[in-house]
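S.K.: Here the protein sequences line up with chains A and B, keeping their order.
Residues in the first sequence are numbered consecutively from 1, following the working numbering.
Residues in the second sequence are numbered consecutively from 1, following the working numbering.
Think of the hints as simulated: they come from the structure by calculation, not from any bench.
Glycine included, every Cβ here is placed at the ideal spot set by N, Cα and C.
Careful, some of the hints might be misleading.
Stated by the list, open to error - Anything over 12 Å on all C-beta distances counts as not near chain A; from chain B, calculated:
1) 5
2) 31
3) 33
4) 153
5) 189
6) 201
7) 221
8) 223
9) 228
10) 246
11) 247
12) 251
13) 366
What the hints assert, rightly or not - Heads up, simulated DMTMM-like pairs for lysine to aspartate or glutamate below, C-alpha to C-alpha not over 20 Å straight-line:
14) 166(A) to 196(A)
15) 141(A) to 130(A)
16) 6(B) to 117(A)
17) 233(B) to 5(A)
18) 141(A) to 196(A)
19) 6(B) to 122(A)
To be verified - Here are some chain B residues pointing at chain A (derived, C-beta under 10 Å):
20) 17
21) 21
22) 111
23) 115
24) 119
25) 121
26) 122
27) 219
28) 230
29) 233
30) 234
31) 237
32) 252
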Amino acid sequence: MGILEVTDVNKRFGGLQALGKVNLSVQEGTCHAIIGPNGAGKSTLLNCLVGKLIPDTGTVTFEGQSVLGRKPYEINQMGISRVFQTPEIFGDLTVLENMLMPVFARRDGTFRLHAYETIANERELLDEAEGMLDEVNMLDKRHMHSASLSRGDKRRLEMAMCLVQKPKLLLLDEPTAGMARADTNNTIDLLKEIKEKRNITMAIIEHDMHVVFSLADRITVLAQGTPLVEDIPENIKGHPKVREAYLGEAQV
Amino acid sequence: MLGLNKADLRLYLIVLGMLIFAPFIMNPFPEGSGLAQFNGGYPDLLQKLVIFGIFAVGFNILFGLTGYLSFGHAAFLGVGSYAGVWMMKLLTMNVVPALIISVLTAGLLSVIIGYVSLRRSGIYFSILTLAFAQMCYSLAYSVLTPITGGETGLTLSLNDPRVLGTSQTAEGNIPVPHFFGLEMNASSTLELGAWSFTFNTGYYFCAVVMAVAFYFAIRLFRSPFGLMLRAVKSNQARMSYTGLNARPYTLAAFVISGMYAGLAGGLMVAMDPLAGAERMIWTASGEVVLMAILGGVGTLIGPILGAGVIKYLESIISTINSTILHQWFAFLPDGLEDFVVAIIYPFVGKGWHLTLGIVFMLVVIFLPGGIVEGGKRIGNLFRRKRREETPPSSTTTPAPKPGE
């Protein structure tokens, strides 16, 4: 039984069957990639996992508990963190303040009226946030407005904000989309490091095969809302069904 | 000290100094001189400045931090006033119970209005709060006349029970609001040469309340809660995916700022024990928005300055009439005098809103950060001059803290 179990999930938008009978099991400690051509339903699936969408039928359980009907912040508090396709950070806040948000969220839960305390006195939490920034080599930028960071730094900050929560499952939505080759490689290194050092379970949606094959332990191929195959990377590479899904049903 | 950092402490002490010495600062011109017209150091205006300062500081907690623009905050001010007057009618003329009830009633109303309005954001939120406030106004103006006094407003009378006090004084008058015996309308005057300064108990009572309210506002701005409110403004989606529920944070901010408005309404009653529905009308809600924007949204001291400027302009410019204008320009040749007066006349007296509109437009266009940004620019100008004389010590500039 995996840490994340998706069973018979269907999702329909009007006449479009976005997801049809999706089954997926992410094992603890692995990196599970979900790939597929445009419109395959990858993002819809991800949105069903984090509470943004609710599937029409089927179940999604995390550590044996259903996540369906829960709000995104409740699901996050269960231990699922999400990295977005375009980095979602608090642009008006400084880098350090960005890092403090997940730190406070972990200590205080979804809401606490701490209007009379002072941030400067929260030494322990500040240390934790600064320690994490140091690990991603951004400590010297801690007083910068995060909106003025480069895209690569924004991505690193977002990743650091997820990691400082010590999530049980990290969801990555095309973490290298629109990146230059060098940046992509940096991100791959960062993710590899996360995987090896912290042993965090990851589910990654990706277009870039280079990224997928460098990171994934298992790959699920999605096409037109249904999983085609699920296997280890070596077996996916030459799989005829995968080629067909990506290249179209050409008569060779 | 006081749990504030150096910059905040300095700001706080400046505000304290302004509050203590306001009767001097606002009275710079000698009595009887031509410029005495511009003196604002009389109790009525000083009280108004402080009370609206509190109102604007509270409003800024919601608008400045979370970005939720409420167009109905006057409703809380009005409800606070009514609650305060009722306390004085029924219980005692001591202002403390009246203030407590004002804050609580406004808080309660803001829970209800906030809970419904905060289901939407942006313009829809503004419209919802506006609608609620207008409903409150209509209720107060007509339907709830037995409670609110309707058109005439709610006033004290000689037959009020006042369980813990007297219905009327020995002379047969309505008793005066007091703070454990200190009567709010008591004043003493200090004559210094040609100057005359008035110190009013009511004003200093308001100033103490403002000092406390402003202190809490600074603490809130620097607290984790304040950080959460700024995060609401910045990126609600990220907040949600970081495990934080934005709704109770915004509701708490809404209620806190509603309670500040109630406090301001209660203070109005403490200074002058009557309440009318016109306090809740939508232009009154708009006025506090103007105050916050004019002073500097999201800054600590901005709303106080904005409230000060608007209330000062209102009181001073609206008292200027054509006779005074003719006196001022009497040195001009007759035809020219009439011409100049004719041009200026629409902007003074009843037309003071025109002046306010022009000031507001100039600030929004040239100083989007309000008066505070203006002050900062002037400060930078001086600093740059000094830096040109001495070589720069550091090149990195940290991001500005909110509220500086």
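S.K.: Taking the hints in turn, state whether each one holds.
M.R.: Evaluated hints:
{"no.": "1", "hint": "5", "in the structure": "7 Å, violated"}
{"no.": "2", "hint": "31", "in the structure": "45 Å, holds"}
{"no.": "3", "hint": "33", "in the structure": "47 Å, holds"}
{"no.": "4", "hint": "153", "in the structure": "35 Å, holds"}
{"no.": "5", "hint": "189", "in the structure": "40 Å, holds"}
{"no.": "6", "hint": "201", "in the structure": "30 Å, holds"}
{"no.": "7", "hint": "221", "in the structure": "10 Å, violated"}
{"no.": "8", "hint": "223", "in the structure": "5 Å, violated"}
{"no.": "9", "hint": "228", "in the structure": "7 Å, violated"}
{"no.": "10", "hint": "246", "in the structure": "8 Å, violated"}
{"no.": "11", "hint": "247", "in the structure": "8 Å, violated"}
{"no.": "12", "hint": "251", "in the structure": "9 Å, violated"}
{"no.": "13", "hint": "366", "in the structure": "23 Å, holds"}
{"no.": "14", "hint": "166(A) to 196(A)", "in the structure": "14 Å, holds"}
{"no.": "15", "hint": "141(A) to 130(A)", "in the structure": "11 Å, holds"}
{"no.": "16", "hint": "6(B) to 117(A)", "in the structure": "17 Å, holds"}
{"no.": "17", "hint": "233(B) to 5(A)", "in the structure": "35 Å, violated"}
{"no.": "18", "hint": "141(A) to 196(A)", "in the structure": "26 Å, violated"}
{"no.": "19", "hint": "6(B) to 122(A)", "in the structure": "18 Å, holds"}
{"no.": "20", "hint": "17", "in the structure": "23 Å, violated"}
{"no.": "21", "hint": "21", "in the structure": "29 Å, violated"}
{"no.": "22", "hint": "111", "in the structure": "14 Å, violated"}
{"no.": "23", "hint": "115", "in the structure": "14 Å, violated"}
{"no.": "24", "hint": "119", "in the structure": "14 Å, violated"}
{"no.": "25", "hint": "121", "in the structure": "16 Å, violated"}
{"no.": "26", "hint": "122", "in the structure": "17 Å, violated"}
{"no.": "27", "hint": "219", "in the structure": "5 Å, holds"}
{"no.": "28", "hint": "230", "in the structure": "6 Å, holds"}
{"no.": "29", "hint": "233", "in the structure": "6 Å, holds"}
{"no.": "30", "hint": "234", "in the structure": "4 Å, holds"}
{"no.": "31", "hint": "237", "in the structure": "6 Å, holds"}
{"no.": "32", "hint": "252", "in the structure": "6 Å, holds"}
Consistency with the previously given hints fails for numbers 1, 7, 8, 9, 10, 11, 12, 17, 18, 20, 21, 22, 23, 24, 25 and 26, ordered from lowest to highest.
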